[in-house]
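Asker: Taking the hints into account, I'd like the entire structure generated from these sequences.
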Amino acid sequence: MTARVPMRRAWRRIAGGLGFALALALTATPAAAQRAVVEPRVAIGGSALVMGPMSLGVASADYQTPRGDALPLFHADARMAASPGAEGHVTVSIAPTIAIEAAGAWLRPHVVSRIDDDFEGAAAVTSRLPLSRFTAEGAVLVAVARRGRAVWFLRGGAGWMREMAGWGTYAEDGAIGDLGLGVKYWWHTRARDDTGRLALRVDARLAGRAGGIVIGARTFRVAPLVAAGLDLAW
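Using our numbering, you'd call the opening residue of the sequence shown number 9 and step up by one each time.
There are no misleading hints in this set.
Have a look at the derived ranges for each label pair, beta carbon to beta carbon: (1) Ile102 to Ala144: 17 to 23 Å; (2) Tyr178 to Pro61: 20 to 26 Å; (3) Val230 to Arg136: 18 to 24 Å; (4) Tyr178 to Arg49: 40 to 46 Å; (5) Leu206 to Thr227: 37 to 43 Å; (6) Ala56 to Trp242: 19 to 25 Å; (7) Thr134 to His196: 45 to 51 Å; (8) Phe228 to Arg116: 21 to 27 Å.
It is worth saying that the hints were derived from the structure and are not from the lab. Don't be surprised by glycine CBs; every beta carbon is placed ideally from N, CA and C.
Answerer: Encoded structure:
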């Protein structure tokens with residue numbers, strides 16, 4: 009139980025950041041609503057993120073008897089616990105409502121494996137294996153609503169990941185994709201043209217992956233992801 013408490017606190021903090029951004033967007037003054045802040049041509053940013061838990065599959069170790077039958081020796085069930093991490097991105101506007109983004113992230117997940125149904129009747133064992141996960145992806149952002157200094161957008165992305173265990177002695181590559189909704193709130197602007205310079209950004213996405221470190225079938229798996237951080241333009 010003690011391992012879950014810090015992650016619950018992290019989820020509450022991220023949710024609090026999302027609530028703060030929503031409150032800022034919904035309480036924009038009528039004057040601000042009439043004159044929306046113009047998003048900059050180029051912005052760079054960084055976010056803290058948390059990815060929710062996901063299953064990594066189930067498998068059993070079977071022994072083939074001399075008669076050709078399969079004798080199960082044990083059963084394994086693996087899942088990835090909620091993972092903290094960080095993300096950096098560069099966003100370039102190519103149209104009034106469309107932007108493209110290059111992003112990279114690092115996460116520190118733990119694989120929790122439970123081994124039970126042992127052939128010799130041994131007690132079930134639960135182990136934790138730390139991983140490092142690196143991702144690189146491209147994404148498209150489409151602004152769907154503006155209210156004063158708040159810009160709501162849809163984001164869809166795809167890219168590559170590498171997961172490593174044992175200080176890099178074992179690594180697997182895979183593909184990633186995500187889709188979600190986000191909001192930017194530009195609270196610092198240029199006086200001369202009302203262009204945004206500093207923004208709070210919050211994203212909520214469904215993040216999918218294929219490949220990587222798994223057991224059992226290499227199927228496509230999905231987990232929720234929440235990120236909160238700052239965007240800076242000049």
